[in-house]
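Protein sequences appear in the order of chains A and B. Numbering of the first sequence is given in our numbering, commencing with residue 237 and proceeding in unit increments. Numbering of the second sequence is given in our numbering, commencing with residue 237 and proceeding in unit increments.
Accuracy of the hints is not assured; some may be wrong.
You can't tell identical chains apart in this list, so a pair holds if it fits in one copy or across any two.
[What the hints assert, rightly or not] Within a straight-line C-alpha distance of at most 27 Å, the following computed DSS-like cross-link-like pairs (lysine-lysine) qualify:
| # | residue 1 | residue 2 |
| --- | --- | --- |
| 1 | 450 | 294 |
| 2 | 249 | 294 |
| 3 | 247 | 398 |
| 4 | 294 | 320 |
| 5 | 400 | 320 |
The hints are simulated quantities; they were obtained by calculation from the structure and are not laboratory data.
Now for the letters of each chain:
2 protein chains.
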Amino acid sequence: MENYALTIKTKEKEGVLGEITDIISSFGINISYAHVYVEQVGLGNVNLELDDVEDIDKLKKELLSLDSVIDLNCYGSLNDIFGKRVIIFGGGAQVSAVANGAIIEADRHNIRGERISVDTIPLVGEENIAEAVDALSRLHRVGVLVLAGSLMGGKIAEAVRKTKEDKDLIVISLNMPGTVVEEADLVVTDPTQAGVMAVMAIASTAVFDVKRLKAKGKNKF
Amino acid sequence: MENYALTIKTKEKEGVLGEITDIISSFGINISYAHVYVEQVGLGNVNLELDDVEDIDKLKKELLSLDSVIDLNCYGSLNDIFGKRVIIFGGGAQVSAVANGAIIEADRHNIRGERISVDTIPLVGEENIAEAVDALSRLHRVGVLVLAGSLMGGKIAEAVRKTKEDKDLIVISLNMPGTVVEEADLVVTDPTQAGVMAVMAIASTAVFDVKRLKAKGKNKF
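Sequences are here, hints too, so could you generate the full structure?
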């Protein structure tokens with residue numbers, strides 16, 4: 237069973253996505269991601285990531301038999317292409333320093349065949365960052381969050397606690413004032429090291445289990 | 237009319253997504269993004285980004301009336317939280333230098349209320365990068381691509397040309413050997429400047445139209 241991405245060109249009319257998802261559900265296949273847009277007037281574009289597909293040819297044939305499907309292409313999954321995501325939130329000098337460490341480390345892993353992305357949003361303010369942390373559970377392929385600021389607590393700490401309850405997420409925080417460090421699995425003083433360790437924490441080629449450190453109470457550096 | 241994100245907790249059974257999308261389609265609402273996963277055995281989690289919603293309360297009520305929907309929450313859209321994405325592909329020293337420029341510039345814009353993300357995948361090899369460029373049209377919220385390498389052409393140039401035909405995408409390339417520079421809207425020698433200009437090209441607060449430069453043939457720096 238393999239993961240695939242399908243790009244389906246459709247007539248733009250009501251219920252097309254429903255027709256397509258009905259067929260996919262009837263195969264017992266899970267849709268992990270979809271991106272749908274109108275390509276031009278009258279023409280829709282449906283992009284789907286499918287998990288654990290048994291018979292892709294049979295699925296393609298059934299989808300092509302729909303009156304509203306014009307064309308269909310099959311690709312490797314986004315997960316195979318872009319891999320797991322290191323997500324970095326924060327502002328100022330720290331956020332680019334953390335990203336720099338993570339990108340250089342991801343480059344070293346990816347050159348050996350792994351796929352790790354480093355996705356950064358420079359953001360400041362308690363409300364803004366708390367909202368972004370909340371939104372993480374709606375993102376695809378998230379492996380680890382790095383909080384790259386100088387002061388974070390309150391609603392941000394609350395959002396981190398809640399997100400970790402809902403989702404299997406590793407959280408690394410820079411060493412800083414505020415309660416967010418209490419929610420993190422790992423607290424690191426040096427921003428470059430925080431970025432490097434974020435990549436190591438999700439890399440399948442690295443021997444590093446961040447959750448074990450926290451369990452032992454030895455997670456501040 | 238506003239954009240919203242919905243997180244729907246559902247019973248995990250065949251056809252749930254179809255039932256949900258049928259209702260949304262019947263409101264004439266476009267689903268621009270979906271992320272679906274099984275939260276625990278028997279419990280599904282459907283995350284949707286909806287464009288141009290007229291009556292969110294009526295939609296929520298109809299969705300909650302479905303037997304398979306357990307709970308429903310409404311948030312600001314991912315576009316409002318994470319904004320447009322600068323996507324950076326490439327390897328080695330260049331990729332982190334471009335990202336550094338882009339992140340510092342995005343920080344300056346975001347602190348004034350804008351939202352721009354900088355998403356990097358360190359990647360080398362003609363086939364790998366061409367495949368990643370091809371996959372861009374399946375990603376959500378992409379505004380600009382920066383090619384941050386030392387030599388790119390062949391299949392990468394072909395993938396850039398094809399993606400630009402399908403999608404409204406700005407492409408910035410570092411100045412390098414290979415045919416990819418011919419497909420780019422802007423060619424920049426300094427990696428920091430390439431990152432900064434990528435952000436300026438999609439920022440709503442910046443006065444810079446990269447496509448106008450290309451039309452004038454004055455797009456190499």
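For residue 400 and residue 320, with the copy left unspecified, which applies at a CA distance of at most 27 Å: within, between, both, or neither?
Answer is both; intra-copy 17 Å and inter-copy 26 Å each pass.
Have a look at residue 450 and residue 294 and pick one of within, between, both or neither, based on CA distance no larger than 27 Å.
Classified as neither: same-chain Cα gap 47 Å, cross-chain 45 Å, threshold 27 Å.
How would you classify residue 294 and residue 320 at a CA-CA limit of 27 Å: within, between, both, or neither?
neither (29 Å within a copy, 37 Å between copies)
Under a CA distance limit of 27 Å, which applies to residue 249 and residue 294: within one copy, between copies, both, or neither?
The answer is both: 25 Å in one copy and 22 Å across copies each meet 27 Å.
Is it within, between, both or neither when you check residue 247 against residue 398 at 27 Å Cα-Cα?
Classified as between; 21 Å across copies, 41 Å inside a copy.
Checked against the numbered hints above, the structure violates hints 1, 4; every other hint is satisfied.
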